[in-house]
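In order, the protein sequence lines correspond to chains L and C. The letter at position 181 of the first sequence is residue 181 when you use my numbering, and the numbering goes up by one with no holes. The letter at position 340 of the second sequence is residue 340 when you use my numbering, and the numbering goes up by one with no holes.
Think of the hints as simulated: they come from the structure by calculation, not from any bench.
According to the in silico footprint, chain C covers these stretches of chain L (three or more CB under 8 Å from chain C):
#1 163 to 173
#2 206 to 218
#3 273 to 285
Glycine included, C-beta positions come from ideal geometry on N, C-alpha and C.
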Amino acid sequence: MPEPDRPLLAITLGDPSGIGPEVVARALAEPAAYEMARPVVIGALGPMLRGIKDTGVELKARAVNSAEGAGEDPNVIDVLNVDGFEDVEFPLGELSAVSGKAAHAWIERAVRLCQDGGADAMVTAPVNKEALNLAGSTDMGHQEVFKRMSGSDYVATMLVSGTLRCMHLSTHRSLKRAAEYATRENILMATKLTDETFKSWGFENPRIAIAALNPHGGENGMIGDEEITDIRPAVEDAQALGINASGPIPADSVFNQAIDGRWDVVVVLYHDQGHIPIKVHGFEESVSVNLGIPWIRTSVDHGTAFDIAGKGIAQAVSMREAIKLATQLATGVRPS
Amino acid sequence: MNKPILAITLGDPGGVGPEVTVKAFPHEAGLDRSIPLVVGDARIVADAVARWVPGWSVAAIEGPEEAAAVSNETIPVIDLRNCDPSLVRIGEVDPYSGNAAYEYVAHAAKLAMDRRISAIVTAPLNKESMRLAGHMYDGHTGLLGELTGAKKYFMVLGSDVLRVIHVSTHVTLEEAVKRVKTDRIVDTIRAGHEHLKQMGFENPRIAVAGLNPHAGDGGQFGLEEAQEVAPAVEQARAVGIDATGPISPDAVFRMAVDGHYDIVVVLYHDQGHIPVKLVAFEEGVNVTVGLPIIRTSVDHGTGFDIAGQGVASEVNMISALDYAYKMATGDRGTGSTRPLV
Chain L
1 MPEPDRPLLA ITLGDPSGIG PEVVARALAE PAAYEMARPV VIGALGPMLR
51 GIKDTGVELK ARAVNSAEGA GEDPNVIDVL NVDGFEDVEF PLGELSAVSG
101 KAAHAWIERA VRLCQDGGAD AMVTAPVNKE ALNLAGSTDM GHQEVFKRMS
151 GSDYVATMLV SGTLRCMHLS THRSLKRAAE YATRENILMA TKLTDETFKS
201 WGFENPRIAI AALNPHGGEN GMIGDEEITD IRPAVEDAQA LGINASGPIP
251 ADSVFNQAID GRWDVVVVLY HDQGHIPIKV HGFEESVSVN LGIPWIRTSV
301 DHGTAFDIAG KGIAQAVSMR EAIKLATQLA TGVRPS
Chain C
1 MNKPILAITL GDPGGVGPEV TVKAFPHEAG LDRSIPLVVG DARIVADAVA
51 RWVPGWSVAA IEGPEEAAAV SNETIPVIDL RNCDPSLVRI GEVDPYSGNA
101 AYEYVAHAAK LAMDRRISAI VTAPLNKESM RLAGHMYDGH TGLLGELTGA
151 KKYFMVLGSD VLRVIHVSTH VTLEEAVKRV KTDRIVDTIR AGHEHLKQMG
201 FENPRIAVAG LNPHAGDGGQ FGLEEAQEVA PAVEQARAVG IDATGPISPD
251 AVFRMAVDGH YDIVVVLYHD QGHIPVKLVA FEEGVNVTVG LPIIRTSVDH
301 GTGFDIAGQG VASEVNMISA LDYAYKMATG DRGTGSTRPL V
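Work the whole structure out from these sequences, hints included.
Dropping the structure here:
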């Protein structure tokens, strides 16, 4: 039975030349999707029908002009059109400006829906950075769109796989620049944001672990002093604010501790410190979530996979998990 | 076929070394494939046996050649008589224990250099205790490097599901980034190649991880991949090594676990330690390659907080013995063997 107050989810199709339409079709064909949520696809009917055909799922699709009242019928995918892309023939499995342009417009449409209360959360399929660039977008990816449209100056990415959650202090910086960014102020800012966000998700007193930067947590300054000069002070600053923060904890033990249930989230100090454990622990289930924007957004944690687009073989585990997590966050059900 | 002699050094007597050693010993002995022995103090081992492996006993021996002749359910100990149990301070940094631990390693290294044992398997020692005793080394690796006269050695963290070899280990992340240099990476690839040949791999498949997110994403997030890593892979390939990379660090370990690569060359300590600890839990073994002798080690410390309580797990020591056996025989379960020393 469907839940009575199911949240409305704006699900973008991503780059229509990639596997986005296929993973959306496959995830929405699972009965759980409509039982827990009201999904509305933000995209165009053409690629959505292509995704349904490629995957062979038993679903129909129709174009709608408003999200209101949409997403109720589990047999028909409602696709909210965005002007200008209804009749475009998108190429399959290749980089194109038109696909980049459409993907970009669909993200913006989903954001506006969240902002004006028409949707409770957004879930995104993958876009291609090069395609966005070809389309003349100054936004490099999702995060830049969100920053611009929310006015937020700090949008962070958290990866989730099962009970392992890694909140990234920074993502797309060289390792050298990422290490330089790991200052007391920045770590405190990320820890505060993590605490606020987890509280809004129903965690009463979230247990936040901060990973160390150097081997063995620096061994009391013997191999690196960032733990002493920046990380520990940031943890103490956070504790003084009443935040349940711990650390720095050596990076080669903190993730096992989190998987064992000791921490609700680990704040990681560079891209691969979070990405390596997530991908090793639960590669396919991995989902990405943004912190620092005033709406809920989850995303698949894979790319457009042009090489297999249209073949109907793309797995939808990550999309399914992204839909599930967005629903939980939108309804205040603490993710388990 | 001769059985390899695996010598376990007892480690710091005030830590968990004696406990994990005696608990793991019956497992390796029960496989009836090697001749395990302990280099330590027989009194310490006897105390540990009495507490944790009832029914077993200890035989003090002078040299490894005597180990094969001891009775069943007996641990042969090359007895250095250097550590009185009543003087050991359990769970504390102490030069008395540090000196004893040092002497076990020094003695075992000599035996290995003289080819009287096949491999050394080390229980943990405490650096601070050893240094307080006047032996100024950064740990086992530096100590063994000096004792064996090796110039270049590398740390492998190994298990059956995932093996990694480190371009650098116990240096700051900042310093590790600076050490991402072509020559160093080539040396590490070669060491990984030779290590796997020793393990019985005919044509080891070696992956080299990138340094930056998405291996730099075409130079967007760092240039080390193009300037240092890619040339190193090319040089290795030019001498016939099956090396691939740089591969995105968040993809390469899954690929290796799935069987596409036999070892991953990693560019900093945690890049290798994070994935191995996740997939191999307690089974990741620390191996020093590039020495003229075989040496494996548990990958945990002296555990001073739990020493003497009987709660230390011997799983990692069992894995370290298993890895040493595989290195000593070149038999990783495929039946291939090479002559023993």
